[in-house]
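Engineer: Model the placement of chain S on the given structure of chain C, informed by the hints.
Here's the letter readout for the chains.
Number of protein chains: 2
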Amino acid sequence: MNSQYNEVTESFPKKRGPWTTLSSLKIYENPWISVREDQVLRPDGKPGIYGLVQTKVATGVVALTENLEIVLVGQYRYATEVYTWEIVEGGAEHGEDPLQAIQRELVEEAGMISDNWELLAKDIQLSNCHSSELANLYLAKKIRVTAHSPDPAEPMEVKMVPFKEALDMVYDGKIVDAMSIIGIQFAANKLGLTR
Amino acid sequence: MNSQYNEVTESFPKKRGPWTTLSSLKIYENPWISVREDQVLRPDGKPGIYGLVQTKVATGVVALTENLEIVLVGQYRYATEVYTWEIVEGGAEHGEDPLQAIQRELVEEAGMISDNWELLAKDIQLSNCHSSELANLYLAKKIRVTAHSPDPAEPMEVKMVPFKEALDMVYDGKIVDAMSIIGIQFAANKLGLTR
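Chains as they are written, first to last, in this note's numbering: chain C, 11 to 205; chain S, 11 to 205.
A hint or two may mislead.
Since the list gives no way to pick out one identical chain from another, each pair is judged satisfied if it fits inside one copy or across any two copies.
Capping the alpha-carbon separation at 27 Å, the derived lysine-lysine pairs in DSSO-like fashion look like this [stated by the list, open to error]:
hint, residue 1, residue 2
1, Lys169, Lys25
2, Lys151, Lys132
3, Lys132, Lys184
4, Lys66, Lys174
5, Lys56, Lys24
6, Lys132, Lys200
7, Lys25, Lys184
8, Lys152, Lys132
9, Lys56, Lys66
10, Lys151, Lys66
11, Lys36, Lys169
12, Lys184, Lys169
13, Lys174, Lys152
14, Lys174, Lys56
15, Lys56, Lys200
16, Lys200, Lys174
17, Lys200, Lys184
18, Lys132, Lys174
If you are wondering where the hints come from, they were derived from the structure by calculation, not from laboratory data.
So that you can see chain C by itself, here it is in the shape it has in the complex (with noise of 0.2 Å):
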């Protein structure tokens, strides 16, 4: 385990809007996380702890036939114990461009490549109460097959379903993943497609 109490070396007092920073130490960190808990001056003046989630940035991709066909994968997902089918997600690695990085991860997960890129929103803030944790969505249009090499220690169902459907599945609570939710809805909104 790669987790340590390490005091995190930033000068302080520092402001971040209408709260200060006394301190900061590193609670844990791992390949994918690393979590601080800072002393801080609420708004208010008083004294409290703020406990902070950093992450990779995460990237997601609505990923289309030219028949406008989505490619969903379906995995177990071992944080929230259930089952999920979901846009192809990926995090950024430090430095990566999260275009590449949806870029690998389209051709990892399901063997897919396209020339039309798009981006559908940027800087998403998927849990920023205790997160920093920011998601960028694109679109991908007449996506096609090529060389597959999925990661063997992330077994994926990969299915092909006909967009509006998708879109049924998000209304119907049948695609419950947010990134996938929000990169669907925004598809939809670019493309003109409704229910």
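Structural biologist: Relative to the frame of chain C, chain S by itself:
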């Protein structure tokens, strides 16, 4: 600080879908989140770790006046270091009904009540790669003013915006909070309001 490394007392090994949990260690806990690290066998049978954040149930409400104005609250988010406009949100305390929690938040943050509540979306997974956080979103119609008791630790601006303007804010990237984006789009779908 309340954090300690505590062995989680369940019986192991434990199957979780295609994963096996071998042991679990509580890394950190504050009144809002806890973090644990599990030793696991991944779906491919190889050993690994899984770091997990656990939170309260998140709740949010698209709160509308009779004239279809929505309540938006503005605040500086410590975690993401930006000022954001969002729907009214809050966490359900342990054992608290999420609906009651968000009814309480609507009073505390905006000084509003409603007799007309419905569920928009249940158990939305906000960040299911490393967090078990679930969100329930509600629609409250015909809201009206009541006595206002704001939390001094959370100073917020409150503004009323025509619902269609809020929908534009979503698609123009001016509302970036995931629960707000999802809630506003589900409300638009339910009410048959498009751009």
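Engineer: Report the numbers of all earlier hints that the structure fails to satisfy, in ascending order.
Structural biologist: Per hint list: 4, 11, 14 and 15 violated.
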